[in-house]
Amino acid sequence: MVELYPEKLLSIITNDSMQERLECMFKKYGVSGFTIIQASGEGSSGMASEMSGFDGNILVKVIVPESQLQVLLESVERKLRKGYHLTVFVSDVQVITPEKFNKKSR
Amino acid sequence: MVELYPEKLLSIITNDSMQERLECMFKKYGVSGFTIIQASGEGSSGMASEMSGFDGNILVKVIVPESQLQVLLESVERKLRKGYHLTVFVSDVQVITPEKFNKKSR
Amino acid sequence: MVELYPEKLLSIITNDSMQERLECMFKKYGVSGFTIIQASGEGSSGMASEMSGFDGNILVKVIVPESQLQVLLESVERKLRKGYHLTVFVSDVQVITPEKFNKKSR
Amino acid sequence: MSSLSNLLLPAVLFFALGVIARLIKSDLRFPPDLAKVLSIYLLMAIGLHGGYELAKADLVIAMNSIMWALILGFTLPIIGYLALVMTRKVSPLDAAAISAHYGSVSAGTFLTAIAYLDNVGVTYETYPLIMLAVMESPAIVVGLILAAKARHSIAARETAPVSGGGAVISTPDNGDGPGGKFSELLRDAFTNGSVVILIGSMVIGAISTPSGMQQLFPFIDEIFMGVLCLFLFDMGMVAARRIGDFRQVGWLLALFGIVMPLVGGVVGAYVGHAILGFSVGGATLVAVLGASASYIAVPPAMRLAIPEANPSFYLTLSLGITFPFNVIVGIPIYHSLVQAMAAG
Amino acid sequence: MSSLSNLLLPAVLFFALGVIARLIKSDLRFPPDLAKVLSIYLLMAIGLHGGYELAKADLVIAMNSIMWALILGFTLPIIGYLALVMTRKVSPLDAAAISAHYGSVSAGTFLTAIAYLDNVGVTYETYPLIMLAVMESPAIVVGLILAAKARHSIAARETAPVSGGGAVISTPDNGDGPGGKFSELLRDAFTNGSVVILIGSMVIGAISTPSGMQQLFPFIDEIFMGVLCLFLFDMGMVAARRIGDFRQVGWLLALFGIVMPLVGGVVGAYVGHAILGFSVGGATLVAVLGASASYIAVPPAMRLAIPEANPSFYLTLSLGITFPFNVIVGIPIYHSLVQAMAAG
Amino acid sequence: MSSLSNLLLPAVLFFALGVIARLIKSDLRFPPDLAKVLSIYLLMAIGLHGGYELAKADLVIAMNSIMWALILGFTLPIIGYLALVMTRKVSPLDAAAISAHYGSVSAGTFLTAIAYLDNVGVTYETYPLIMLAVMESPAIVVGLILAAKARHSIAARETAPVSGGGAVISTPDNGDGPGGKFSELLRDAFTNGSVVILIGSMVIGAISTPSGMQQLFPFIDEIFMGVLCLFLFDMGMVAARRIGDFRQVGWLLALFGIVMPLVGGVVGAYVGHAILGFSVGGATLVAVLGASASYIAVPPAMRLAIPEANPSFYLTLSLGITFPFNVIVGIPIYHSLVQAMAAG
Ligand SMILES: Nc1ncnc2c1ncn2[C@@H]1O[C@H](COP(=O)(O)O)[C@@H](O)[C@H]1O
Ligand SMILES: Nc1ncnc2c1ncn2[C@@H]1O[C@H](COP(=O)(O)O)[C@@H](O)[C@H]1O
Ligand SMILES: Nc1ncnc2c1ncn2[C@@H]1O[C@H](COP(=O)(O)O)[C@@H](O)[C@H]1O
Ligand code: NA
Ligand code: NA
Ligand code: NA
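Residue numbers (the working numbering), protein chains in the order written: chain C, 90 to 195; chain U, 90 to 195; chain L, 90 to 195; chain W, 28 to 371; chain A, 28 to 371; chain P, 28 to 371.
The hints are simulated quantities; they were obtained by calculation from the structure and are not laboratory data. Warning: the hint list may mix true and false statements.
Listed next, the stretches of chain L that the computed footprint assigns to chain C, with coverage defined by at least 3 CB atoms under 8 Å from CB atoms of chain C [stated by the list, open to error]:
{"no.": "1", "region": "124 to 132"}
{"no.": "2", "region": "146 to 159"}
{"no.": "3", "region": "162 to 174"}
{"no.": "4", "region": "177 to 188"}
Each computed BS3-like pair below joins lysine-lysine, with the alpha-carbon atoms no more than 30 Å apart [claimed, not checked]:
{"no.": "5", "chain 1": "P", "residue 1": "K116", "chain 2": "C", "residue 2": "K116"}
{"no.": "6", "chain 1": "C", "residue 1": "K117", "chain 2": "P", "residue 2": "K52"}
{"no.": "7", "chain 1": "W", "residue 1": "K176", "chain 2": "U", "residue 2": "K168"}
{"no.": "8", "chain 1": "L", "residue 1": "K168", "chain 2": "W", "residue 2": "K52"}
{"no.": "9", "chain 1": "L", "residue 1": "K168", "chain 2": "P", "residue 2": "K116"}
{"no.": "10", "chain 1": "L", "residue 1": "K117", "chain 2": "W", "residue 2": "K52"}
{"no.": "11", "chain 1": "U", "residue 1": "K117", "chain 2": "A", "residue 2": "K52"}
{"no.": "12", "chain 1": "P", "residue 1": "K52", "chain 2": "C", "residue 2": "K116"}
{"no.": "13", "chain 1": "A", "residue 1": "K52", "chain 2": "W", "residue 2": "K176"}
{"no.": "14", "chain 1": "P", "residue 1": "K176", "chain 2": "W", "residue 2": "K52"}
{"no.": "15", "chain 1": "L", "residue 1": "K168", "chain 2": "C", "residue 2": "K116"}
Under 7 Å between C-beta atoms, here's a sample of chain C residues computed to sit facing chain L [unchecked claim]:
{"no.": "16", "residue": "G122"}
{"no.": "17", "residue": "I126"}
{"no.": "18", "residue": "Q183"}
Everything numeric in this text was worked out from a predicted model, so none of it was measured. Glycine included, each C-beta is placed from N, C-alpha and C at the ideal position.
If we strip away everything but chain C, and leave its shape as in the complex, we get:
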């Protein structure tokens, strides 16, 4: 029987121009890795055109231990306060290899 360990999954949906800044943030706080997916959508800042390659959205996923979540959320909140449009949500996930997510990748 494979054992499962709890971790947090932080998801952020935003404009793709924010990608570099989010990657910087992740590296600054030493996450073990992250995943980026192209997306389109609509929200309070209007529609992110899925019809042209310009001005699309990204969905960013980061799995972190609970202890690391708060500092990331604080950084996200600072960005929100500056006016950046980020749709942020956290979910509970379970993983097989918790050590993978508890240390910086490189």
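Fit chains U, L, W, A and P with the ligands to the given chain C structure using the hints.
Frame of chain C, contents of chains U, L, W, A and P with the ligands only:
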């Protein structure tokens, strides 16, 4: 410490020809926003060819307050009953800015 | 009121060269379907170039009943032990049509 | 002889290469959007060319061609539907969805036929091109009508909804059922993407200034054949992926995927040769229109209009069986057929 | 007369087709990356061509053109900003973000103007091409300065942060605010993708061996017009999607999207004709540079630099109103204007 | 002189532009699928051309070329492996994965070499093209064999699995280990996408009707150089992204990325000139085959076959170091080398 508030994340996987109808549904029920991701896959209706741009799948994500979830699910269920192929699942998420998801975007 | 039933969502992030093997695994264990999304990212094995179509990542999602999860996880763990890079996490989801996920698709 | 020369066409050879790549399980994958981009280009190029020629065409023949395109588009699905219902292998709704594909057309097959005719040095009229544009839509409409009829008879037979294989069979609730938003589906049929590109480009080709068109010709002429090869290479892989599903479909249905294009080819050849009075080349193209089945415009339309039908059936038939059959052996057959008609 | 001939240009007709496709709610969708690829090609082709010509150009005129491009790029946003603030319909930060778009340029509009001039047989200098490359960046910088000013005056008026519609208004915290990493945004302005392709290709076109360039000409010349048509077809659909948002923007703001390019066109025409002494063709191109608004390079820059501004405003104005206006009716107007100046 | 002319080739300049774009941190990004589409086109174009020529070629020389391509493909990885193991900087499995890349080839480098030879007016035989197609696969097989050997010796040394940096080191379990499905990986090696396109196109080029090929030439000839420039522009950015990882790789390994192509270049030059008796142009192309390292076909094969190896190592070496080295300075070096051999 950043506080987190519970919301519901509704995910729908279906053929991309359904996109317009789902967007209509979301607008009708006044969700605050939605996100769409291209996908491919296999299910009871066979494979959604990821090999050509024709006939792919989409994964649609909508964050809504619990109160709004039921009416969306009812609408989804009506579609299912008509024979449309929708793979639907709901998960619990936590957000920083609950007010963002509790009102219509425009 | 639409009733919801619990299922498990297994997510796997890995290099796209693994796609065929994962599909084989799913078919072998008779899942009812699966969904694949293109992604990019960074992790312990360096960055998966999102800049060229070569050597990208995929995010694979499979909804299975709890009873089927263990055997999939065991298969995943065997792959991990052989050195394959798989980022794996499980989440709890709720579905409208549990029977859809409890049987093999074809 | 002419069929051998078909097999040595680069376009057909690339289609075969795509099929082979899948059969030997190569990891070759084309980006998902490539086929879409290539088909946009092909429709645009052929539309511009056709429009440019049609500006000089005879209006009466053009009108006549359109009328017969409509007749073909409405008749062929009905023939297909009746044949399928007789086999008792598929539900009436599946029969409606499948047969709609055969009333419509495949631009890829049409363009391969043009490459084939160019290669054997046979000339052809431009009118079949308008027919190509016209035939996309009516078949979708007929599909809707057949489905409405099928739903009606199902409803008459049953009173309670019965859950079928994986999908729940639709109860015809008032006005909001899949057959309910008929007007919307009708609009969809006439505004589908391929029709817009093809008719739009034809109009642009017809009304543009000659100097403007002159600047476009290198784009639409010189790289055309290469793009067609790349498109068929890609579609060969897509088609081959469906060939495997063919066991699932069953032998009788697979046979339909070969007999139906032959029937459509004969009807088309007759319309092109005997009724519209086209040359051998032109009548061959009309035969190809009759014979080919849509795999781009109709499938998404049927997913919306007849969700109860199983997409595996119509995709496997149109894409996995009829398309390869037409490209590889059908076209020379239709050509010979028209030659025989013209000789006889 | 000249404006009619504009409407019969394939490039303009394809733009219109794209708009129509959306208006009739066709399901036609181009793959998201297609417009990006086509614009990479267009910038590369025009850059190589321009660089090849510019290698033979007069350095003094070139320097003069660059200087006036900078002046236009700095002045036009300020005019726009003042006009917008006067309307009192948008916040100062929105005004800053919107007006930055009008100091920059739209390569799509510029290329349509070239197609138009080629079609009516009017020649033009190559210098406006350098101006196109130069004008992308300064407008972004001006946008930043205006935004910093606006933030300052907001901070002076208010002491506590006030939560606005959906977004929280920024408090100017020390050095880390959106206006804080000014140097970084400045670097972004001058290294943005379009500028790199355009200037890079111009340099390559200027220094490459002639035999190397010879092999490139078929690629950059022959298929150019076709690619432009495809690009404008796509952009027509993208623009039309924004036209609907135009009610949301309000009539006064929509009017700004038509008046501002006219103002920019007049200023540009004057600079091109009277100051730089270009021919009618060259001055028309400078007018188009003044009139057009960026919709590729500036929006993401503004998202980062002025996150408090509403993207719906600037995208609807530049993409949904000014771009179609310029392509369909603006270009012939600017041409006539320069003709009148030259005649007078 | 010849190396200077290399640096003024548009193709090389665009590669440099791509590198520069990343170094100045431009936000320029090409769509992920573009490089894939361009390389499909390039392989198809060069394959068709080569096949057309090869249909007229001498079978004995062709067979001889294939044999020596196999010998190169098998020998070079072994040289690389021994050198890497001697450095003691990487594990034997990493050494196996890295060296497999150097037995294979880079079509991008090969095409740049062709552009270079065309530019300096040097002719070349078509046989190196078959060698290009042949050399993709054997290196993968050698990689597998070396890895199996390495795993064996690791297993001999250790009995319990040891968890390494991030990845768990494989225990050689019976028949199901990464080295277990050997036959499957072997099939993968010979059916990989690039091989299928290249060999398929060569066959099509050889057997197509001449009139069919005639229609394809504009597509495969005229836009070829432009597409190559675009491809190298893109790859310049991809390569530059890897250059940064080079500190992580270490100096000694980085040095390997420069010395190994020089070794491969010398061996290739000797085979091309002295053994196969090709002209200076042909032998230069064989040198380039020996010198270049795969970055498209081999990395995914190694991910599957040797999952324990660190992809950062082999991607940084082949894509971030060897590829730029060859394109910018290697090609003229190999050319001079062959000239010296021919003169001496
Ligand atoms: N309620 C929501 N559910 C899912 N995605 C959302 C939601 N609201 C916003 N988004 C996504 O976040 C992006 C930015 O949202 P906004 O900041 O509200 O403009 C949108 O384009 C959507 O892709
Ligand atoms: N069990 C599953 N897990 C994840 N995705 C699924 C599952 N079943 C179906 N899907 C997705 O939903 C799409 C439609 O499924 P279906 O309606 O079963 O044909 C498929 O193409 C898959 O992308
Ligand atoms: N902590 C993480 N959160 C989200 N995605 C991750 C994480 N770690 C790794 N990944 C993804 O998994 C891929 C492979 O990871 P790795 O095996 O660590 O190289 C990466 O390219 C990322 O896309
Ligand atoms: Na038909
Ligand atoms: Na402007
Ligand atoms: Na090599």
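| query | Among the hints numbered above, which are violated by the structure, and what are their numbers in rising order? | reply | none
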